[in-house]
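Protein chains in written order, with this note's numbering: chain A, 1 to 465; chain B, 1 to 465; chain C, 1 to 465; chain D, 1 to 465.
Be careful, since some hints might not be right.
Because identical chains share one entry, a pair is satisfied inside a single copy or across any pair of copies.
Using 30 Å as the maximum straight-line C-alpha spacing, the simulated DSSO-like pairs for lysine-lysine come out as follows [unchecked claim]:
1) K224 to K12
2) K174 to K191
3) K12 to K187
4) K224 to K80
5) K49 to K224
6) K29 to K74
7) K203 to K332
8) K29 to K187
9) K174 to K336
None of these hints come from the bench; they were simulated from the model.
Number of protein chains: 4
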Amino acid sequence: MQYHDNGVSGVKIAYIGGGSRGWAWTLMKDLALAENFEGEVALYDIDYKAAQDNEIIGNKIREDFPEASQWSYKAVKTLKEALTDANFVVVSILPGTFKEMGSDVHTPEKYGIYQPVGDTVGPGGIIRALRTIPMFEEIGNAVREYCPNAWVINYTNPMTVCTRTLYRVFPEIKMFGCCHEVFETLKLLCKSLDQIGGIPGVKRNQIKANVTGVNHFTWITEAKYGNIDLLPLYREYANKRRAEGEKPPENDGNWMNRAFQTHELVKFDLFDRYGVIAAAGDRHLAEFCPKSWYTSSPEQVAEYGFGLTPIQWRLKDLDERLQKSRDLIEGKEKFKLDQSGEEGVLQMKAILGLGDMVTNVNIPNQGQIPNLPLGAVVETNAVFSADSVKPVCAGDLPETLYGLIAPIVAEQELVVEAGLTRDLELAFKAFMADPHVQTLSLQDARALFDEMVENTKEYLGEYFN
Amino acid sequence: MQYHDNGVSGVKIAYIGGGSRGWAWTLMKDLALAENFEGEVALYDIDYKAAQDNEIIGNKIREDFPEASQWSYKAVKTLKEALTDANFVVVSILPGTFKEMGSDVHTPEKYGIYQPVGDTVGPGGIIRALRTIPMFEEIGNAVREYCPNAWVINYTNPMTVCTRTLYRVFPEIKMFGCCHEVFETLKLLCKSLDQIGGIPGVKRNQIKANVTGVNHFTWITEAKYGNIDLLPLYREYANKRRAEGEKPPENDGNWMNRAFQTHELVKFDLFDRYGVIAAAGDRHLAEFCPKSWYTSSPEQVAEYGFGLTPIQWRLKDLDERLQKSRDLIEGKEKFKLDQSGEEGVLQMKAILGLGDMVTNVNIPNQGQIPNLPLGAVVETNAVFSADSVKPVCAGDLPETLYGLIAPIVAEQELVVEAGLTRDLELAFKAFMADPHVQTLSLQDARALFDEMVENTKEYLGEYFN
Amino acid sequence: MQYHDNGVSGVKIAYIGGGSRGWAWTLMKDLALAENFEGEVALYDIDYKAAQDNEIIGNKIREDFPEASQWSYKAVKTLKEALTDANFVVVSILPGTFKEMGSDVHTPEKYGIYQPVGDTVGPGGIIRALRTIPMFEEIGNAVREYCPNAWVINYTNPMTVCTRTLYRVFPEIKMFGCCHEVFETLKLLCKSLDQIGGIPGVKRNQIKANVTGVNHFTWITEAKYGNIDLLPLYREYANKRRAEGEKPPENDGNWMNRAFQTHELVKFDLFDRYGVIAAAGDRHLAEFCPKSWYTSSPEQVAEYGFGLTPIQWRLKDLDERLQKSRDLIEGKEKFKLDQSGEEGVLQMKAILGLGDMVTNVNIPNQGQIPNLPLGAVVETNAVFSADSVKPVCAGDLPETLYGLIAPIVAEQELVVEAGLTRDLELAFKAFMADPHVQTLSLQDARALFDEMVENTKEYLGEYFN
Amino acid sequence: MQYHDNGVSGVKIAYIGGGSRGWAWTLMKDLALAENFEGEVALYDIDYKAAQDNEIIGNKIREDFPEASQWSYKAVKTLKEALTDANFVVVSILPGTFKEMGSDVHTPEKYGIYQPVGDTVGPGGIIRALRTIPMFEEIGNAVREYCPNAWVINYTNPMTVCTRTLYRVFPEIKMFGCCHEVFETLKLLCKSLDQIGGIPGVKRNQIKANVTGVNHFTWITEAKYGNIDLLPLYREYANKRRAEGEKPPENDGNWMNRAFQTHELVKFDLFDRYGVIAAAGDRHLAEFCPKSWYTSSPEQVAEYGFGLTPIQWRLKDLDERLQKSRDLIEGKEKFKLDQSGEEGVLQMKAILGLGDMVTNVNIPNQGQIPNLPLGAVVETNAVFSADSVKPVCAGDLPETLYGLIAPIVAEQELVVEAGLTRDLELAFKAFMADPHVQTLSLQDARALFDEMVENTKEYLGEYFN
């Protein structure tokens with residue numbers, strides 16, 4: 001790595017899951033647009049062919065945009081090759097296939113548990129965690145061996161579990177997890193400022209918010225623009241949208257189109273309940289709340305204006321992205337270079353000492369939320385600075401929210417312990433600790449757990465040794 | 001107070017709620033049977049006539065049993081008179097009348113919330129707490145003024161809230177709360193020892209158990225008799241009873257008879273879930289668990305073999321006790337002096353330095369359960385010794401249970417804050433934090449709260465100032 | 001207050017101690033140089049005449065520099081007048097006169113305790129704290145009454161005690177304490193970077209450091225410039241300076257000139273001991289260390305190259321400043337507008353939402369140093385943002401330092417408690433808890449305490465009621 | 001092990017350090033006197049011959065006292081043989097020889113550090129800890145392998161370090177450390193009760209005291225006999241003894257006779273300072289206090305009426321004990337069976353479920369002292385019950401004492417870490433953290449450390465690998 005004129009070249013990024021047809025492309029574009037920041041990206045993927053495709057696609061950017069920052073891409077066959085000499089490690093993997101995701105999301109429906117996403121908590125999130133933890137254990141061990149001083153950035157879900165696993169395996173790791181869910185809520189605050197406060201044009205990073213909670217169940221307890229308190233504006237904004245008859249779009253006959261739409265009705269209801277702002281997508285938030293509030297039936301889900309993500313949607317989406325990959329390789333399509341809004345590249349630059357930034361991350365609790373256990377992974381703001389990511393004290397969780405969040409933290413700590421010890425019996429205890437599973441009898445909980453394990457056992461081999 | 005020969009005379013006990021036709025009589029008998037322990041009892045009650053009745057009844061014991069320990073009883077008209085010079089203060093009051101209790105228990109049924117008792121948590125427990133807190137605030141202030149060095153023993157529910165209120169009002173108070181629910185579970189362990197282990201005749205206080213949790217949701221995480229681990233025996237015992245078809249008794253057509261019967265099926269189910277022993281009556285335990293487990297309908301309640309306590313039962317029971325009071329006064333009936341099994345008198349003697357004892361009490365957390373907040377009231381063992389009640393370290397709550405208990409602790413802390421500040425809006429937030437209330441929509445929760453407050457507003461006057 | 005074009009006008013600052021002939025002038029110049037930031041300053045001082053002088057001096061700046069930011073100054077007679085409508089409150093007062101300071105610093109010398117400053121800890125710091133606490137209690141109460149939403153910035157010593165007092169008196173106060181001692185250490189790191197690393201011209205705020213500890217005994221545990229670790233450079237720098245014979249300057253016969261000189265020899269010795277950087281002036285640091293290290297005699301003080309501050313120096317210095325005040329009023333002298341290096345104005349702008357900043361402040365521990373007690377005032381970095389100053393997590397104090405810092409924290413907590421309760425006996429307990437006082441027998445400690453109290457009793461009247 | 005009639009036979013005790021000519025004999029006598037408690041003792045010692053001697057001596061008791069409880073003794077050659085099937089493990093070893101102890105105690109004298117004992121903290125205690133930790137690591141590993149369910153009782157110093165090491169090595173160990181120093185202080189309270197209160201004949205275990213702190217720097221913060229508060233009596237008692245001219249005995253020309261005498265003058269001075277009772281021998285207490293209070297010179301030591309323990313005394317004492325051993329083996333001398341006052345056997349019986357007891361022990365902090373770190377070893381009361389030793393909550397350390405104790409806890413935690421990692425550099429950091437070492441310059445501290453390590457390197461081999 002060489003420093004010069006406010007910039008750095010010779011940076012090496014290892015991308016684990018480098019065959020991705022989503023995040024990887026986003027990163028490629030952001031890197032091309034990053035000023036005074038150049039280097040190489042090693043693409044590692046268990047699907048080596050996919051990594052090779054991305055090597056071609058990535059290197060095409062350099063050719064197509066000679067004026068952009070210059071990054072070279074190379075598919076590699078081993079973690080060792082990827083990690084050696086890396087300055088940063090990006091992890092964005094899919095733990096299992098759509099078959100396993102299908103089981104995660106849909107098996108619980110038999111027992112009346114409807115999960116809009118199923119990748120974080122709830123039965124789906126827990127089973128997904130079980131297959132993810134051994135993968136992150138391997139990654140953690142490899143980082144310790146090959147690049148212990150590199151900074152690791154995770155984008156994989158379940159975020160909390162992945163982050164905790166890396167710190168359990170390699171406590172000295174420099175690592176944080178990123179999620180853009182909070183950003184969307186900040187944008188809602190910008191809309192409130194515009195529509196209620198009459199101040200248009202404010203960007204999300206001009207909003208100063210205190211972020212607290214856990215990933216996908218994150219909260220904003222204070223939000224200011226200059227000296228304007230945004231919570232009263234948000235209240236009016238929410239009331240206005242509801243008064244205007246905010247509701248789910250007309251059913252156009254194609255449920256697939258509903259998959260990712262949300263209408264913030266969950267967010268608005270939670271605001272009424274707690275007086276602070278839930279800062280994640282409605283589809284995630286609903287999974288942390290009592291089932292009776294938003295997901296007691298598909299009809300109630302519809303009523304709250306968000307969709308469940310059917311696996312068929314994901315399959316169709318993948319087909320489209322595979323086609324796009326082919327088009328990019330063959331040059332039928334070219335990237336349009338625009339900022340993604342993701343912060344990964346800004347964070348890397350801040351860590352290299354090129355300018356501080358404050359944003360929200362997932363990282364073990366070291367005091368930032370005093371009434372949650374030390375060590376558990378939480379999401380708050382942090383200061384990114386030279387070789388340093390330090391959380392900002394968010395204060396105690398509001399007492400009114402504590403009862404919703406503390407059990408989730410305990411549940412996820414149990415899941416990680418169960419995963420690291422490959423202990424299915426302990427995993428079942430974690431499963432039973434989930435509020436949605438707690439709507440079932442012990443017998444049904446056991447049957448559901450067993451079926452979900454059976455469905456995904458291809459990825460749970462180590463638990464049966 | 002005079003010490004002599006291993007004993008003490010001249011003890012003064014203030015009994016707040018001294019018109020009681022239950023606990024007061026129990027105490028009278030226990031005092032009569034307490035060796036080397038004599039003095040006087042000041043009976044204070046807002047129903048002065050009831051206190052006067054008990055004065056007569058109490059003094060009759062002295063006459064009827066001249067060989068028993070000699071205690072004199074006197075009804076007094078003011079807290080000041082009762083407390084001045086008191087060595088001990090017993091608090092056992094009914095916060096409100098059966099009308100209010102009726103609202104506590106039955107109003108939530110409209111919304112599908114079935115509470116077997118309704119005096120601890122859940123909508124009933126919270127509303128009851130709201131009317132209780134100002135009363136305990138008054139008691140705490142009076143103790144500080146008139147007898148700051150006296151030891152206060154509370155028997156009133158909600159136990160946790162009452163105890164916390166006294167410590168909030170007068171932090172230096174010497175006070176603990178007693179509940180006999182754990183004893184019954186220890187007796188079950190004696191039965192296990194007899195029926196499975198083949199060791200009959202063991203008494204409950206020979207069982208050595210680690211008690212932890214909060215009142216009415218208390219747990220035994222270790223239990224030994226000599227070097228025999230009682231948990232495996234309890235497992236066999238539970239399985240045997242279920243194998244033998246343990247179930248609710250035949251319906252004899254009179255639901256009232258079912259009110260206090262329990263068949264331990266909740267306890268056994270919780271043992272299957274958590275591997276540690278729930279140590280309270282099933283009727284209380286069920287109120288802390290997800291509604292879907294045991295109380296989703298009257299039918300499910302019946303299936304688990306416990307009853308809901310209808311207010312009619314309480315009314316009938318009161319009639320009987322009033323009659324008994326008259327009979328005692330008129331000498332138509334006499335007490336039979338037998339040990340109640342309650343420990344209040346033993347505790348007093350230990351506090352006077354007449355012999356240590358270890359038993360479970362409710363007291364603020366000062367480290368005995370490190371993963372619950374300091375200050376919150378918890379139930380664990382404590383050592384009773386000369387002028388001292390010190391909790392025994394129970395260790396962290398099991399991680400698997402944490403998610404059920406931590407929210408309850410937060411909820412009850414909120415209730416106390418709401419009560420002390422007479423803040424109905426905060427009280428509603430506490431209400432919404434209750435797991436059973438969380439089965440409702442925000443609108444229904446509000447409607448239920450408002451109705452319950454309206455029903456009991458006679459006792460909530462200060463909240464409307 | 002009006003926002004416009006990245007700036008704010010109509011700001012009201014209340015300056016308590018506004019007759020100051022040091023800090024007040026610094027602030028005046030910084031305000032004049034602050035872009036897009038204008039308003040008025042209310043000067044309150046128990047010496048009203050001094051405040052009036054500063055009113056004249058301050059308003060002259062506006063006349064003399066019409067192109068500078070425009071601030072008007074006004075002496076006021078009451079705290080109420082000063083605080084009403086204030087957006088910011090600056091507190092910089094002298095608790096007592098030089099007579100009391102003389103006793104603080106010099107009385108302990110009779111017992112072999114040499115205090116270079118005597119305003120923070122040690123016998124002098126504690127007695128000073130006792131007279132300061134009632135003053136800050138009054139200020140805290142006034143802020144709550146007249147401007148509860150204003151931000152309060154304290155510059156008065158003992159910083160920790162003043163800050164803690166304000167938060168004890170008014171827990172919801174928005175307040176932090178500022179001290180520039182860390183800045184000088186950052187400049188030393190710049191020198192290391194220049195002289196050892198060969199990188200000249202780096203400014204102190206380009207150094208990224210993790211600050212931790214308590215005021216005047218603050219530590220830098222990590223320091224980076226870009227990806228350069230500054231600790232090894234600092235080690236070489238220290239060794240080089242010592243190798244070159246760093247020592248106190250030749251005695252020019254005038255001890256007064258030595259008063260504020262330091263040669264960093266204390267800092268270098270502490271670095272050898274702990275491997276992390278002590279980040280305050282040597283004169284302050286020495287007061288927190290075992291007496292035998294640096295202050296066992298005036299000779300040892302000289303050997304370590306720092307001076308004790310004699311009160312005569314302060315008297316002479318005051319004379320000079322009084323003369324300067326007259327000259328400024330009469331126009332014989334004019335301010336030269338240059339940046340002071342103080343950050344107060346930048347902090348105010350950040351708090352108004354005009355741009356975030358990260359710097360070190362004194363504020364109650366809310367998790368930023370998990371192994372110190374919550375609530376105790378500590379010094380770490382904090383993020384300044386719109387209406388928000390939130391500490392950055394500094395992590396646990398290094399275990400090796402813990403034993404030096406934890407007792408100081410306990411001592412200062414005791415001092416505050418003693419001050420707020422006006423309890424001289426408790427104050428003596430705090431006094432005895434001081435490591436320097438602990439070099440004395442109980443009898444000598446008592447005699448010293450009594451003498452120091454007697455000497456300063458004019459300011460301790462409330463302790464004798 | 002067989003239970004019968006309130007008793008147990010077939011108990012196996014492993015005695016590590018079983019060649020001891022002190023503690024081992026004490027245990028033998030206590031076992032012979034223990035009713036309804038019989039079994040065998042395996043004697044393991046690195047000096048196998050000494051263990052064989054004790055085998056003979058122990059078995060003679062059985063022959064000589066056929067009516068006593070019957071215990072058989074057997075010297076064994078390996079830890080494995082000793083520990084296999086053990087129910088209890090007693091550890092009482094001498095880490096090194098008198099040569100090493102001589103260096104521990106006397107080398108620091110060159111630098112003006114006078115240690116009365118030198119086995120706990122201070123330079124001597126730390127160096128002793130370094131050679132002890134690897135031994136206890138071996139013991140901990142062996143317990144895990146051969147008798148993980150046995151209860152381990154340690155009597156070896158440094159007690160805190162030994163206990164912590166066992167729990168670090170084998171966290172699930174059932175283990176506590178016993179020390180009789182508190183007992184002597186309880187006896188002083190009995191004397192106060194007699195001489196001041198006029199109540200003779202009270203036994204130490206009738207005094208109810210709250211014990212807190214760390215081993216050898218233990219404190220009694222509350223003490224009661226019945227409802228009599230003993231602190232005022234103790235104050236009068238201390239004043240009376242000083243008024244009567246309590247002072248060290250006339251020098252009879254033989255310093256050796258002074259070695260273990262104490263006159264409580266340290267204890268009385270500490271009571272004046274803190275208002276709570278220091279509960280260990282003066283010789284130990286002095287090592288935790290600022291050097292200037294009691295040990296700044298041999299003269300000051302004499303003035304406070306306690307002695308330094310010269311190694312010559314220990315050598316002479318050993319000679320006497322070796323002779324006694326020979327006499328016992330040859331039958332020239334016989335034991336007199338009398339209660340030692342030690343509680344080891346009572347504790348074992350309580351653990352077997354034969355009756356609860358409350359006494360003070362050393363055990364990791366699990367909440368019993370909330371303002372000390374969890375995990376650090378502290379000394380408080382504990383309840384001994386069936387298969388259970390649970391600490392009693394002692395509450396926060398008094399704030400006035402905190403500054404003396406917290407650094408010691410940090411120092412000993414560092415020592416254990418240094419020992420377990422065999423890290424001499426970290427050990428030096430711990431050494432520098434000691435208050436007595438902190439009276440030295442860095443250079444002197446280093447020189448002393450190096451010399452003490454050199455002197456004892458025969459036992460520090462693993463630190464040089």
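Tested hints:
no., hint, result
1, K224 to K12, "between (38 Å within a copy, 20 Å between copies)"
2, K174 to K191, "between (36 Å within a copy, 29 Å between copies)"
3, K12 to K187, "neither (33 Å within a copy, 32 Å between copies)"
4, K224 to K80, "between (46 Å within a copy, 28 Å between copies)"
5, K49 to K224, "neither (48 Å within a copy, 40 Å between copies)"
6, K29 to K74, "within (16 Å within a copy, 57 Å between copies)"
7, K203 to K332, "neither (34 Å within a copy, 50 Å between copies)"
8, K29 to K187, "within (22 Å within a copy, 39 Å between copies)"
9, K174 to K336, "neither (33 Å within a copy, 47 Å between copies)"
In the structure shown, a violation is registered for the earlier hints numbered 3, 5, 7, 9, in ascending order.
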